[in-house]
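Can you make the complete structure from the sequences, with help from the hints?
Chain residues, written in single-letter form:
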Amino acid sequence: MAEKTVQAHDAYSAELFKDAEKNPENLLVVKNLKKYFPIKSSFFKMTIGNVKAVDGVSFVIKKGTTMGLVGESGCGKSTIGRTILRLIEKTEGEVFFNGEDIFKLSKAELRAHRPNIQIIFQDPYSSLSPRLPVGEIIGEAVREHNIVPKEEFDDYITRVMEACGLAEYHKDRYPHEFSGGQRQRICIARALALNPDFILCDEPVSALDVSIQAQIINLLRDLQKEFGLTYLFISHDLSVVEHISDTVGVMYLGNLVEYAETDKLFSKPLHPYTQALFSAIPVPDPDYKMNRIILEGSIPSPANPPSGCKFHTRCKDCMEICKYCRPDFAEIEPGHYCACHLYNDPARSAELSKIMDEMKRAEAEKAEAKKK
Amino acid sequence: MANDEMKKTSQVGEAKAKEPKKKTSYISAKESRRITKFNRKITKKLEHDREEAGKDPAYYTTRMRDPNNVVEFDNMCTYFFSDVGTVKAVDGISFDVPKCSTVGVVGESGCGKSVTSLSLMQLLQRPSGQTVGGEIRLNMGDGTALNIVNTPVEKMQELRGNYISMIFQEPMTALNPVFRIGRQVNEVIELHNPEMSEEEVKARTMEMLELVGIANKEGVYEMYPHELSGGMRQRVCIAIALACRPGLIIADEPTTALDVTIQAQILDLLQNLKDKINSSIMLITHDLGVVAGMADYVVVMYAGRVIEKGTADDIFHHPAHPYTIGLMKSKPVVGKKVEALYNIPGAVPNPVDMPNYCYFRDRCEMHCEQCAGKYPPEIRISDTHVVSCYRYIDEGTVLGYPKTVDVEGLLNG
Numbered sequence: 002m003a004e005k006t007v008q009a010h011d012a013y014s015a016e017l018f019k020d021a022e023k024n025p026e027n028l029l030v031v032k033n034l035k036k037y038f039p040i041k042s043s044f045f046k047m048t049i050g051n052v053k054a055v056d057g058v059s060f061v062i063k064k065g066t067t068m069g070l071v072g073e074s075g076c077g078k079s080t081i082g083r084t085i086l087r088l089i090e091k092t093e094g095e096v097f098f099n100g101e102d103i104f105k106l107s108k109a110e111l112r113a114h115r116p117n118i119q120i121i122f123q124d125p126y127s128s129l130s131p132r133l134p135v136g137e138i139i140g141e142a143v144r145e146h147n148i149v150p151k152e153e154f155d156d157y158i159t160r161v162m163e164a165c166g167l168a169e170y171h172k173d174r175y176p177h178e179f180s181g182g183q184r185q186r187i188c189i190a191r192a193l194a195l196n197p198d199f200i201l202c203d204e205p206v207s208a209l210d211v212s213i214q215a216q217i218i219n220l221l222r223d224l225q226k227e228f229g230l231t232y233l234f235i236s237h238d239l240s241v242v243e244h245i246s247d248t249v250g251v252m253y254l255g256n257l258v259e260y261a262e263t264d265k266l267f268s269k270p271l272h273p274y275t276q277a278l279f280s281a282i283p284v285p286d287p288d289y290k291m292n293r294i295i296l297e298g299s300i301p302s303p304a305n306p307p308s309g310c311k312f313h314t315r316c317k318d319c320m321e322i323c324k325y326c327r328p329d330f331a332e333i334e335p336g337h338y339c340a341c342h343l344y345n346d347p348a349r350s351a352e353l354s355k356i357m358d359e360m361k362r363a364e365a366e367k368a369e370a371k372k373k
Numbered sequence: 187m188a189n190d191e192m193k194k195t196s197q198v199g200e201a202k203a204k205e206p207k208k209k210t211s212y213i214s215a216k217e218s219r220r221i222t223k224f225n226r227k228i229t230k231k232l233e234h235d236r237e238e239a240g241k242d243p244a245y246y247t248t249r250m251r252d253p254n255n256v257v258e259f260d261n262m263c264t265y266f267f268s269d270v271g272t273v274k275a276v277d278g279i280s281f282d283v284p285k286c287s288t289v290g291v292v293g294e295s296g297c298g299k300s301v302t303s304l305s306l307m308q309l310l311q312r313p314s315g316q317t318v319g320g321e322i323r324l325n326m327g328d329g330t331a332l333n334i335v336n337t338p339v340e341k342m343q344e345l346r347g348n349y350i351s352m353i354f355q356e357p358m359t360a361l362n363p364v365f366r367i368g369r370q371v372n373e374v375i376e377l378h379n380p381e382m383s384e385e386e387v388k389a390r391t392m393e394m395l396e397l398v399g400i401a402n403k404e405g406v407y408e409m410y411p412h413e414l415s416g417g418m419r420q421r422v423c424i425a426i427a428l429a430c431r432p433g434l435i436i437a438d439e440p441t442t443a444l445d446v447t448i449q450a451q452i453l454d455l456l457q458n459l460k461d462k463i464n465s466s467i468m469l470i471t472h473d474l475g476v477v478a479g480m481a482d483y484v485v486v487m488y489a490g491r492v493i494e495k496g497t498a499d500d501i502f503h504h505p506a507h508p509y510t511i512g513l514m515k516s517k518p519v520v521g522k523k524v525e526a527l528y529n530i531p532g533a534v535p536n537p538v539d540m541p542n543y544c545y546f547r548d549r550c551e552m553h554c555e556q557c558a559g560k561y562p563p564e565i566r567i568s569d570t571h572v573v574s575c576y577r578y579i580d581e582g583t584v585l586g587y588p589k590t591v592d593v594e595g596l597l598n599g
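Chain order of the listed sequences is A and B. Each number in the numbering used here comes from the position in the first sequence (counting from 1) with 1 added on. Each number in the numbering used here comes from the position in the second sequence (counting from 1) with 186 added on.
No lab work stands behind these hints, which were simulated from the structure alone. Some clues are possibly wrong.
Below, simulated EDC-like cross-link-like pairs (lysine to aspartate or glutamate); rule was C-alpha separation at most 16 angstroms, straight line [what the hints assert, rightly or not]:
id : chain 1 : residue 1 : chain 2 : residue 2
1  : B       : 517       : A       : 238
2  : B       : 515       : A       : 286
3  : B       : 522       : A       : 286
4  : A       : 226       : B       : 525
5  : B       : 227       : B       : 525
6  : B       : 523       : A       : 262
7  : A       : 23        : A       : 101
8  : B       : 523       : A       : 264
9  : B       : 522       : A       : 264
10 : A       : 35        : A       : 110
11 : B       : 523       : A       : 247
12 : B       : 241       : B       : 340
13 : A       : 265       : A       : 334
14 : B       : 517       : A       : 101
15 : B       : 522       : A       : 101
16 : A       : 64        : A       : 101
According to the in silico footprint, chain B covers these stretches of chain A (three or more CB under 8 angstroms from chain B) [stated by the list, open to error]:
id : stretch
17 : 144–158
18 : 208–221
19 : 230–240
Just so you have them, the derived chain A footprint on chain B, three or more residues with Cβ under 8 angstroms [to be verified]:
id : stretch
20 : 299–311
21 : 377–387
22 : 448–458
23 : 508–522
All residues carry an ideal CB built from backbone N, CA and C; glycine is no exception.
Structure, rendered in structure tokens:
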């Protein structure tokens, strides 16, 4: 029964971004992406369950824009990022980069594709090899992918480093000689050196101090203007995301619950989770009267998510249908997508309540059978 | 002519030879040996002095300057004698924690926020970390006060958990993974109330767990820390900290490891509990938003010194020190669109080799001629607002310079 509703749901969301990959403006199109991690029993290594890290996510990033992805820890933000880069394989769904499906590429094609799509990691302390000098860290992949001819190599690395605010004499130094902010600059230079179209920023400023954070954010924006880069910016800091992004996606337990342009989303959040999340942002003003919506409890386990809408256990507007049916990720206003039963249109509502009644009946029958 | 040129080139050569020497962070073997020898000598002397002072209560009982304060820091200096030299982690800071109020301590990482709290709890990694000067006065409630700097360890053990307690950043590492939650909360209560029977202790534990908003208290009592989520673990840590109703709770980045929604829960809880048990909170954080929502008084630290202190209103509405102003501007705020964020240029100076002028001068866009001189004194610019910056020297009253300790002199004298 549950499978049937999932299928109905998938069919519905497949309609949403139909043929979006054919539009050349869209650099990255993600359609109904799923990534499950199997839980193995110690005995015979049998799969006894799945951690549904990403459970049906669809979005589009236009060329030269930044999309922010926010959510609590463990909601699958980083898994999405890694799956898009094909650092881990998907379970289901499609990812189109410049109109071609990433998961259909062969090994050699994937290798040729890698320079286009780069990543900056969260922790600049552990993502740099301590045994390589900075010039080599930045230049290693450049040489490997033959981005520039051999004789221009040195000049090219110097130019990239200067663009990221590093001096030429830093080339022979090792990562331990740099502070956190400068290390993050090295990471950015390493990604930039391959001349990518798209950079995935996985919490690039979370490990840095406030004053250094501002330096790195400004650098990322300047580089975007100069080279026309496209970013997917993963962060849990809402104020940073608001500052840097053009569109924002809010995630909860493996699902995208809301997705819209930054201004629209921040001025009028629709989903109850987004509303609670935004109300909890601490504001640096002692006179500001916080009208916090405090969510009860904590995020449920993704191995055993609640049925129906995954947020219904903590939602203040929970209705009966939320406990049975998964809400559709639908376009409520132009460009504003939200997955919540509060905004269902009447036709879909009737359809869903039919499914709910069926489920209820099945449940009652099951309970009776158990009694007997 | 040729001679002149020779001179020039040789000078240039000298400058070149000197330059890398200055820049490099490596120290010679000879220098390293000297430092190690010095550290051994000085830590031995300090440990000996501490032992002597701890023998007689007269050495560590004092009086509070103001009986309405829970804790007074008075020119406290905490230094670390490391292998690369003496690190002046905290160098002459003074501020008070009044009764029943929240004091927020803000600053970047490495500015000495945590060292301040560890000095207060006497949890520094001795012998290399030492509080070498100044006083930390803890109000005992009966008119007397203790100077934490000289208090012997046995006496400290009575105070920790009972008068001062601490909530740490990472709840998972703060709790012991091999004991049940109930036992860990019981431990504090048993230790400080030896006359209580087992049932009374358990009843108190249950009461505490309920107080911090754990619904399933009987279940949690029997659980291990790994069975709880981050927010629940932090609630347990708070329960442990509050178990003996201490006068001061030090919350060292209590919400940094938690999500925004859980952070809201925990901050709300702390605020409510503070009023319930009438204690003060010293809230250490780098998040200005958290401080604004919680604190009555704010202390801004930079490179081991207090650069500005005042009420939350003073700091957030009338920031005076260029660093505080820069910090406020560099944080993006939801609902306020700016084209580019302000960024404070440069980085914090090396703690081993601090300049002898204002520590912030090299990054400051408002520095003036005076800034090249001595480190600026504390200047009172309103009843509650104190700032260390030469820009206000004509407007306010000068309170005095932060006193630093000459470690070489300490050894000889």
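Results for each hint:
{"no.": "1", "hint": "B:517 <-> A:238", "verdict": "11 angstroms, holds"}
{"no.": "2", "hint": "B:515 <-> A:286", "verdict": "13 angstroms, holds"}
{"no.": "3", "hint": "B:522 <-> A:286", "verdict": "13 angstroms, holds"}
{"no.": "4", "hint": "A:226 <-> B:525", "verdict": "12 angstroms, holds"}
{"no.": "5", "hint": "B:227 <-> B:525", "verdict": "55 angstroms, violated"}
{"no.": "6", "hint": "B:523 <-> A:262", "verdict": "14 angstroms, holds"}
{"no.": "7", "hint": "A:23 <-> A:101", "verdict": "9 angstroms, holds"}
{"no.": "8", "hint": "B:523 <-> A:264", "verdict": "10 angstroms, holds"}
{"no.": "9", "hint": "B:522 <-> A:264", "verdict": "11 angstroms, holds"}
{"no.": "10", "hint": "A:35 <-> A:110", "verdict": "23 angstroms, violated"}
{"no.": "11", "hint": "B:523 <-> A:247", "verdict": "12 angstroms, holds"}
{"no.": "12", "hint": "B:241 <-> B:340", "verdict": "11 angstroms, holds"}
{"no.": "13", "hint": "A:265 <-> A:334", "verdict": "10 angstroms, holds"}
{"no.": "14", "hint": "B:517 <-> A:101", "verdict": "39 angstroms, violated"}
{"no.": "15", "hint": "B:522 <-> A:101", "verdict": "38 angstroms, violated"}
{"no.": "16", "hint": "A:64 <-> A:101", "verdict": "15 angstroms, holds"}
{"no.": "17", "hint": "144–158", "verdict": "violated (count 0)"}
{"no.": "18", "hint": "208–221", "verdict": "holds (count 9)"}
{"no.": "19", "hint": "230–240", "verdict": "holds (count 3)"}
{"no.": "20", "hint": "299–311", "verdict": "violated (count 0)"}
{"no.": "21", "hint": "377–387", "verdict": "violated (count 0)"}
{"no.": "22", "hint": "448–458", "verdict": "holds (count 6)"}
{"no.": "23", "hint": "508–522", "verdict": "holds (count 9)"}
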